[in-house]
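*Asks:* Take the sequence shown: its letter number 93 is residue 1385 in the numbering used here, and every next letter is one higher.
These are calculated hints, taken from the structure and not from any lab test. Using N, Cα and C, we set each Cβ at its ideal position, and we do this for glycine too. Keep in mind that the hints are not guaranteed to be accurate.
[To be verified] Derived DMTMM-like pairs: lysine to aspartate or glutamate, alpha-carbon spacing no greater than 20 Å straight-line:
1) K1354 x D1332
2) K1384 x E1361
3) K1369 x E1320
4) K1369 x E1355
5) K1354 x E1380
6) K1367 x D1332
7) K1384 x E1355
8) K1369 x E1380
9) K1354 x E1320
10) K1367 x D1388
11) K1369 x E1321
12) K1354 x D1388
13) K1384 x E1351
14) K1384 x D1332
15) K1369 x D1388
[Said to hold, decoys possible] Label-pair ranges, simulated between beta-carbon atoms:
16) E1350 x E1320: 31 to 39 Å
17) A1333 x R1359: 16 to 24 Å
18) S1364 x I1323: 20 to 28 Å
19) A1363 x L1339: 13 to 21 Å
20) A1347 x E1320: 37 to 45 Å
21) R1324 x H1345: 27 to 35 Å
22) G1374 x V1322: 17 to 25 Å
23) R1331 x L1352: 29 to 37 Å
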Amino acid sequence: LDESAAAAVAVVKAACAGESSEARPVNEEVIRLRRVFGRDACIVCILGGASFHGAESEELVKELASRLESASGPKVKFLTGGMAGVQETFAKHCGDGSRV
1293 LDESAAAAVA VVKAACAGES SEARPVNEEV IRLRRVFGRD ACIVCILGGA
1343 SFHGAESEEL VKELASRLES ASGPKVKFLT GGMAGVQETF AKHCGDGSRV
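Construct all of the structure, not just a fragment, from the sequences and the given hints.
*Replies:* Structure follows, in structure tokens:
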């Protein structure tokens, strides 16, 4: 990742961990994400736990990732915090991964 993308991912990871940064307001992070993904991108945040609890949960996430990727246009980008479990599974099954 380039420096901007790495910084954006760090913000998402911190948010997923329940941390907040008083030093950098949320609107600055939105501006940073827009620089990374483009001003006209539709950014979809993928959140979820580190483990699956239902018998069909993992398959559901895989199917959602595949269908969302194929049904959405190129301006749609998917953002995760890089966590194992739901987020990692989504990323691995979201097309070729170029929009995650």
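*Asks:* Does each hint hold? Answer for all of them.
*Replies:* Okay, the hints, checked on the actual structure:
Between K1354 and D1332, the direct Cα distance comes to roughly 27 Å. Violation of the 20 Å bound is thereby established for this hinted pair. Of the pairs offered as hints, the one joining K1384 and E1361 holds, with about 11 Å between alpha carbons and a cut-off of 20 Å not exceeded. Pair hint K1369 plus E1320 holds up; C-alpha atoms about 19 Å apart against a cutoff of 20 Å. Note on K1369 and E1355: the hinted pairing holds, with a Cα-Cα distance of about 17 Å set against a maximum of 20 Å.
A C-alpha spacing of about 10 Å is found between K1354 and E1380, which places the hinted pair at or below 20 Å, so the restraint holds. Taking the CA atoms of K1367 and D1332, the gap is near 7 Å; set against the 20 Å cutoff, the hint holds. With a C-alpha separation of about 11 Å, the suggested pairing of K1384 with E1355 holds against the 20 Å cut-off. With a C-alpha separation of about 15 Å, the suggested pairing of K1369 with E1380 holds against the 20 Å cut-off.
For the suggested pair K1354 and E1320, the alpha carbons sit about 32 Å apart, so the restraint of at most 20 Å is broken. Restraint check for K1367 and D1388: the C-alpha separation of about 15 Å stays at or below 20 Å, so the hint holds. Pair hint K1369 plus E1321 holds up; C-alpha atoms about 16 Å apart against a cutoff of 20 Å. At most 20 Å may separate the alpha-carbon atoms for a hinted pair to count; K1354 and D1388 meet this at roughly 13 Å.
Our distance criterion of 20 Å between C-alpha atoms is met by K1384 and E1351, whose separation comes to about 12 Å. Annotation: proposed proximity of K1384 to D1332 is violated, straight-line Cα distance about 25 Å (limit 20 Å). Restraint check: the Cα-Cα separation between K1369 and D1388 comes to about 12 Å, which is no more than 20 Å; the hinted pair holds. Taking the beta carbon of each, E1350 and E1320 are about 35 Å apart, inside 31 to 39 Å as hinted.
Look at A1333 against R1359: about 20 Å separates their beta carbons, and that is inside 16 to 24 Å. For S1364 paired with I1323, a C-beta distance near 23 Å keeps the hint of 20 to 28 Å intact. In this structure the supplied range 13 to 21 Å holds for A1363 paired with L1339, their Cβ-Cβ distance being about 20 Å. About 42 Å separates the C-beta atoms of A1347 and E1320, a value consistent with the hinted range of 37 to 45 Å.
In this structure the supplied range 27 to 35 Å holds for R1324 paired with H1345, their Cβ-Cβ distance being about 33 Å. The hint said 17 to 25 Å for the Cβ distance between G1374 and V1322, and at roughly 19 Å that hint holds. At roughly 32 Å, the beta carbons of R1331 and L1352 sit within the given window of 29 to 37 Å.
The structure fails to meet hints 1, 9, 14 from the earlier list, while all remaining hints are met.
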